[in-house]
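K.L.:
Below, each chain spelled out in residue letters.
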Amino acid sequence: GNSVTQMEGPVTLSEEAFLTINCTYTATGYPSLFWYVQYPGEGLQLLLKATKADDKGSNKGFEATYRKETTSFHLEKGSVQVSDSAVYFCALSDQGSGGSYIPTFGRGTSLIVHP
Amino acid sequence: EPEVTQTPSHQVTQMGQEVILRCVPISNHLYFYWYRQILGQKVEFLVSFYNNEISEKSEIFDDQFSVERPDGSNFTLKIRSTKLEDSAMYFCASSYGQPNSPLHFGNGTRLTVT
Numbered sequence: 001g002n003s004v005t006q007m008e009g010p011v012t013l014s015e016e017a018f019l020t021i022n023c024t025y026t027a028t029g030y031p032s033l034f035w036y037v038q039y040p041g042e043g044l045q046l047l048l049k050a051t052k053a054d055d056k057g058s059n060k061g062f063e064a065t066y067r068k069e070t071t072s073f074h075l076e077k078g079s080v081q082v083s084d085s086a087v088y089f090c091a092l093s094d095q096g097s098g099g100s101y102i103p104t105f106g107r108g109t110s111l112i113v114h115p
Numbered sequence: 116e117p118e119v120t121q122t123p124s125h126q127v128t129q130m131g132q133e134v135i136l137r138c139v140p141i142s143n144h145l146y147f148y149w150y151r152q153i154l155g156q157k158v159e160f161l162v163s164f165y166n167n168e169i170s171e172k173s174e175i176f177d178d179q180f181s182v183e184r185p186d187g188s189n190f191t192l193k194i195r196s197t198k199l200e201d202s203a204m205y206f207c208a209s210s211y212g213q214p215n216s217p218l219h220f221g222n223g224t225r226l227t228v229t
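First to last, the sequence lines map onto chains A and B.
Sequential numbering of the first sequence, starting at 1, is according to my numbering.
Sequential numbering of the second sequence, starting at 116, is according to my numbering.
If you are wondering where the hints come from, they were derived from the structure by calculation, not from laboratory data.
Idealized CB from N, CA, C, for every residue including glycine.
Heads up, some of the hints might be wrong.
[Said to hold, decoys possible] Some residues of chain B that are not near chain A, with every Cβ distance over 10 Å (derived): (1) V134; (2) I135; (3) S142; (4) I175; (5) Q179; (6) D186.
[Said to hold, decoys possible] Some chain B residues near chain A, calculated using beta-carbon distances under 7 Å: (7) V158; (8) S170; (9) A203; (10) M204; (11) F206; (12) Q213; (13) F220; (14) N222; (15) G223.
Can you make the complete structure from the sequences, with help from the hints?
P.N.:
Here is the structure:
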């Protein structure tokens, strides 16, 4: 079956530090890949996505590149801010046995940014 | 911006009782989902719904669970006889299409079974 593996958290950084959150996936088909972010007390919201190999998704200074050869979609940001503190979820969307697409999520990685 | 709304935000129930969790998806979306997140665990897929029927369901979604879209706007998840292990945060989501349309999530319902 499909699965998403993320690095364990929490990740604790100082403001302006470089961020990497690793994500690897297993899929039976050719999935689309997503990063979602969850702020305290809220639902998940889309951060960025990539739909084919070598695509780079980007938003709000965050980037991730779809690497088919390594089945990875690592999230990066060059300079984090306190406001980036949240839980980040890597996800894939692949076709299920019924023919429709099922988004599958990783465990989530908590990011804490200190001033 | 339109959003997915869920009610209630917190539900406490006794083991064996039935609960109904309610969601209002974004009005022009076609696909609807329920996910759950047990504290500290991953976000788990329960069920997807399209064209007034279940399109996919996970192993978690057994006979104790059911979904309904009774009136064209609400989307409900019913748990017939709750167990302690059903305690979790339940998220409703909707999307316009597949496979690349992102999911829009509600803020979740925290279900506590005592």
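K.L.:
Can we trust that I135/B is non-interface, i.e. its beta-carbon lies farther than 10 Å from all of chain A?
P.N.:
The assertion about I135/B holds, with a minimum of 19 Å to chain A.
K.L.:
Using the nearest Cβ pair, does G223/B come within less than 7 Å of chain A?
P.N.:
holds, 6 Å
K.L.:
Have a go at the A203/B hint: is there a Cβ in chain A nearer than 7 Å to its own Cβ?
P.N.:
Given a least distance of 14 Å, the restraint on A203/B is violated.
K.L.:
Taking 7 Å as the limit, does the beta-carbon of F206/B come near enough to a beta-carbon in chain A?
P.N.:
holds, 6 Å
K.L.:
According to the definition I'm using, a residue is off the interface if its beta carbon is farther than 10 Å from all beta carbons of the partner; does V134/B meet that for chain A?
P.N.:
Non-interface label on V134/B holds, nearest chain A Cβ at 19 Å vs cutoff 10 Å.
K.L.:
May I ask you to test the interface hint for Q213/B with respect to chain A, counting a Cβ-Cβ separation under 7 Å as satisfied?
P.N.:
holds, 4 Å
K.L.:
Given S170/B as an interface hint, is the shortest Cβ-Cβ distance to chain A below 7 Å?
P.N.:
holds, 4 Å
K.L.:
Regarding the hint that M204/B lies at the interface with chain A, is the smallest CB-CB distance below 7 Å?
P.N.:
violated, 9 Å
K.L.:
For the hint on V158/B, does the least C-beta distance to chain A fall short of 7 Å?
P.N.:
With Cβ-Cβ at 4 Å, under 7 Å, it holds.
K.L.:
Against chain A, does I175/B hold up as non-interface, every C-beta pair farther apart than 10 Å?
P.N.:
Given that every Cβ of chain A is farther than 10 Å from that of I175/B, nearest at about 13 Å, it holds.
K.L.:
Holds or violated: F220/B as interface residue toward chain A, Cβ cutoff 7 Å?
P.N.:
holds, 3 Å
K.L.:
Just double-check Q179/B for me: nearest Cβ-Cβ distance to chain A has to come out over 10 Å.
P.N.:
Q179/B is indeed farther than 10 Å from all Cβ atoms of chain A, at 20 Å.
Comparing the model with each numbered hint stated earlier shows that hints 9 and 10 do not hold.
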